[in-house]
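Participant: Okay, here's what each chain looks like letter by letter:
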Amino acid sequence: MSGGDLATPGWEHFPHGADIGIRGIGETREASFEQAAMAMTAAMVDPRTVQPRIEVDVDVEAPDDELLLVDWLNALVYEMNTRLMLFSRFHVQILGYRLHGSAWGEPIDARRHQIAVEVKGVTYTALRLARDSDGLWRAECVVDV
Amino acid sequence: MDTSLFTRHDEYTWEIAPRSGMHVPAIIYADEPLVRAMDDKVYEQVTNVARLPGIVKASYAMPDAHWGYGFPIGGVAAFDPDAGGVVSAGGVGFDISCGVRCLHTGLGQGDVEPLKKRLVDALFDRIPCGVGRGGRIRLDAEEMDAMLTGGAQWAVEAGFGTRNDLERIEEQGRMEGASPEDVSAKAKHRQRDEMGTLGSGNHYLEVQRVAQIFDADAAAHFGLKAGDVVVSIHCGSRGLGHQIGTDYLRNMVVAAGQLGICLPDRELACAPIDSWIGQSYLGAMRAGINCALANRQIITHLTREVFTELFPDAQLALLYDVSHNTCKLEEHELGGRPRRLFVHRKGATRALGPGHPALPVGLRTIGQPVLIGGTMGTASYILVGTTESEQRAFSSACHGAGRAMSRHQATRQWRGREVVDELARRGILIRSPSLRGVAEEAPGAYKDVTAVVEAADQAGLARLVARLEPLITIKG
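Chains as they are written, first to last, in the numbering used here: chain H, 919 to 1063; chain Y, 290 to 765.
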């Protein structure tokens, strides 16, 4: 788990009081969305313990990029909560303000998955999507756990 | 935080005078070390809330305040619907009506100790907790709507608990004005298997002993004496509340422009109380309150089943059930006349003083029990509402210890197994589906709950009655 300020593609957490800040970093906007989803999974469980064997697709649409990020992550929260699954691999396609995403994972297995918290919802706190001066996209916000 | 930012009125009252768009002052109740330890974000958030339309009197932060989203956790703010006042989904939070309920057991520590191991295992077996473990109850569409309208009253009618429980729950167990039709299908779907479940994170069920009495008269009114064993349950409205928060936070962000609301930050998303979206949120949020009340009622029933098997004479009467994430329409005196205000309490506990008409007969002369959850290894507290709390912060107090350290830091500092073993050496038995969760909730990751409740007591928000120490913790 990274402590912060990653300068290469990947994901990391940043501290936020009682909750957790998640940050996805990628060469493209889509990649940063995928990495943000990984960071969200890692807030709950070690993603290396989650086998990416079942695919779930989600489609969301939002009036701007930052809302699209929140909607994407909230769609995953909903799928995790209602399917009782965890995800560890993601693919995102964005066309305008529409996002088609795929998530691969498996049903929760209490013996193998040490789930520390469940994500209740994705907040607009510290919400940021930008391409920084190093050319990398960063997609970040705080999730309520 | 830098204390020079404040005007200090007394040892426990810190004010930020209105500036740049603030309609009212911001007031923090805490002692100096607590204020110094608070995140700078509390300053930013408590002053941002003071900029929202229709806020009256002040934007308050309780002694356990910390960085939230939009509102600080530990924030209290009241809005006047006749002055363009707003309702904010972030001002209630995702876990709508999260709260604490405390049950007497009628047992002493000496009764429980010989059976403690069996008790912890039976509770862990029977009370669903953690992620991915559903409850025994699955509601169809019609029952879901009945639950969302009926709250704990619905649960009692469905066979969970007794009618006597209801008078010891806020709103007599049923929040008026709930509208299940304003709750999305997604929110209802998330709740389908989650009735009667604790959840995860900082939620718990504890068996506790009354370790110390501070106020003998109030303790006698509450039926508490040193050495008594009680059960405390901390949880909320589960997936349903989380999805209502998600849905309406987004609706309010998107609608802000249309509604003519200029937000300092998106996370402050809100809507005028008299707008369609404001009314729709209130209806859904009240349904969420009923869900939380029903949830704690069902868990109470499951707890009683376990106790009855091990202690056939135990009754487990309800002391009180109080929520700390709500927005409620209440009457408060302002400028010498009664006003109907929408009071947001986000990580703050209502604390009604003696004589308040909303209190049941048995509590009316003494005031409302204020239930403050602590951490696994330390203590929880019971306080009582005071008359002066009405003037201090619309009859509100703190809600818990508040985190001192992030979850990430906690997992680097402690291992779950070591925390469990260390607490076991001190006679506290922990059961949790997740050792990582135990590490994240390690006692040292929280502020000193004793300092928080002492500040609440000294600030006049509520008065200390009893200290509770854990014997058993079921951690979600």
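Since the hints were made in silico from the structure, they are not lab data.
Careful: at least some of the hints might be erroneous.
When the alpha-carbon atoms are kept at most 16 Å apart in a straight line, the in silico EDC-like pairs for lysine to aspartate or glutamate are as follows [as the list claims (entries may be wrong)]:
id: 1; chain 1: Y; residue 1: K514; chain 2: Y; residue 2: E758
id: 2; chain 1: Y; residue 1: K346; chain 2: Y; residue 2: D320
id: 3; chain 1: Y; residue 1: K475; chain 2: H; residue 2: D983
id: 4; chain 1: Y; residue 1: K475; chain 2: H; residue 2: E997
id: 5; chain 1: Y; residue 1: K406; chain 2: Y; residue 2: D563
Participant: With reference to the structure, classify each hint as holding or not holding.
Facilitator: Now for the hints, and whether the structure bears them out:
no.	hint	verdict
1	K514(Y) to E758(Y)	13 Å, holds
2	K346(Y) to D320(Y)	22 Å, violated
3	K475(Y) to D983(H)	23 Å, violated
4	K475(Y) to E997(H)	10 Å, holds
5	K406(Y) to D563(Y)	54 Å, violated
This entry does not satisfy hints 2, 3 and 5, going by the numbered hints stated previously.
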